[in-house]
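Asker: Chain by chain, the residues:
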Amino acid sequence: MYLVQLKEINFSYENGPSVLDGLDFVLQDHDRIAITGPNGTGKTTLFHIILGLIRPSAGEIHAFGKKMEDDNDFSECRSRAGLLFQDPDDQLFCPSVMEDVAFGPLNQGKSHNEAREIAEKTLRSLGLWHIRDRAPYHLSGGEKRLAALATILSMQPEILLLDEPTAGLAPEASEKLLAILDTYPARALVAISHDRLFLDALSAKRLVLKDGRLHS
Amino acid sequence: MTCERLAAGTSTLHTTDPRVKLCLAFILSVTIALLEGCPAQFAALAAGFLLVCWARLPVRETAGRLVAINFFLFLVAAVVPFTTPGVTAFSFLSLPVTWQGIELALSVWLKCNAIAAVNIAFLATSTIFSLAHALAHLKVPSKLVQLFFFSWRYIHILEEELGRIRTAASLRGFRPSTSLHTYRTLAWMTGALLIKGFERGERVYMAMRCRGFNGTFWLLSHFHFHARDGVIAAAGIVASLALLIMDNRTRCILFN
Ligand SMILES: Nc1ncnc2c1ncn2[C@@H]1O[C@H](COP(=O)(O)OP(=O)(O)O)[C@@H](O)[C@H]1O
Ligand SMILES: [Mg+2]
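Line by line, the protein sequences are chains A and B.
Per the working numbering, the first sequence starts with residue 4, numbered consecutively.
Per the working numbering, the second sequence starts with residue 571, numbered consecutively.
Just so you know, these hints were derived from the structure itself, not from any lab.
As the structure is a prediction and not an experimental result, all values here were calculated from the model.
Any given hint could be a false lead.
What the hints assert, rightly or not - Chain A regions said to be covered by chain B (calculated; three or more residues, Cβ under 8 Å):
#1 49-60
#2 72-84
As the list claims (entries may be wrong) - Computed cross-link-like contacts, DSS-like style, restricted to lysine-lysine with a CA-CA straight-line distance of at most 25 Å:
#3 A:113 x B:766
#4 A:113 x A:124
#5 A:124 x A:179
#6 A:208 x A:124
#7 A:179 x A:10
#8 A:113 x B:709
#9 A:70 x A:10
#10 A:147 x B:709
#11 A:208 x A:179
Note that beta-carbon positions come from the ideal geometry of N, C-alpha and C, so glycine has one too.
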């Protein structure tokens, strides 16, 4: 069974040229996939389609053995597949890092105490415990990226979708990110990235997005 | 964040239950708006001033906000004495100024400043997030709470984008002056600001949906209604009543 399967997806933004054109994609257990491709080819768009944040004009999306039809289907999917946004500033909006990390678990129906425990565990394992009370928008670039990752990992997703996770990070920060990803028990991982070192370390299968489709 | 700069403090007012603060801000604002005589209005302004002192807010920032309000009040206060009918007090540039007009201008000025001070003391001492949370607790319809929260969130985003655009322009040597070039650049900057702000807002909303946002505002440190909050609530209500009673006794002694 596939974790995620996209069939014949077509998509274009309003009044824009076609971005995805008959795109097929499958993700299986234990897959580690890297997606590359020039800027503006629709990689970010592809992630947003997998989570139902935008809807394709044609095609089918299956996730976790279920055909995705409406927002209810997708909201379960969003809780089981964590998306790290390209820009961490988009992802952090609570008054403190701690609250941001606890926001997802609370939405998943965890009690305040459970959410607090999960947030604490996540922050400690990412080495962010000392900045738990800081305002997210005042962190450094590397800290922001890790804090954004923490907000996702605290929801304990089975799949990780990472949109250019090492862009703008210093080498040490990238290594730290890799170490964290290595210990996180994800069933599958997809990363959009151009960072050779990062992709080599992930030992991911490479796909290239070109002309609206994925090529190996 | 500009509008939350006063929220970082440790005074008693900062740590008071935001639900109590919201209710008191509302009750006192309505009370002050109802006051008719100057003595009670003076008392209200004094009370507001004391509250602001009690919250130990940074003086410059607080004064800055009051100056902004008073700029608009000045426009009103400058016109009203001339346009209110009544007994002429004196003439200015051969235009009659009335006692009633002076009283009205004074009363508008006193009330507005008192209400502003009360709201700075009670509302600016909470983060927007906890105010949204408190509103939800007070059974304000969820749609209104979301409207409130997102207005703030998007204004903040616009503010950030404006900062970035400004930096980008000044790094390339842009100095505003009164020239066509300046106006054209400002127009482009405004356009860029709106589009970038809108797009960022969309993405923030997407990120919130990814984390299961469904309209609920969680606050990790949940509100606890302490005995102290009860005392503050009671004191606020007593103060409102005292102002109303005082107003009733002393109304209009100044000018008639
Ligand atoms: N909200 C949007 N509205 C209109 N066009 C967009 C929007 N977002 C992206 N695009 C366009 O769609 C194309 C694909 O964008 P994106 O998925 O972000 O590319 P990538 O992540 O591969 O760099 C680009 O040409 C971009 O300009
Ligand atoms: Mg992208």
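Asker: Output the indices of the hints that this structure fails to meet, ascending.
Answerer: Per hint list: 3, 6, 7 and 10 violated.
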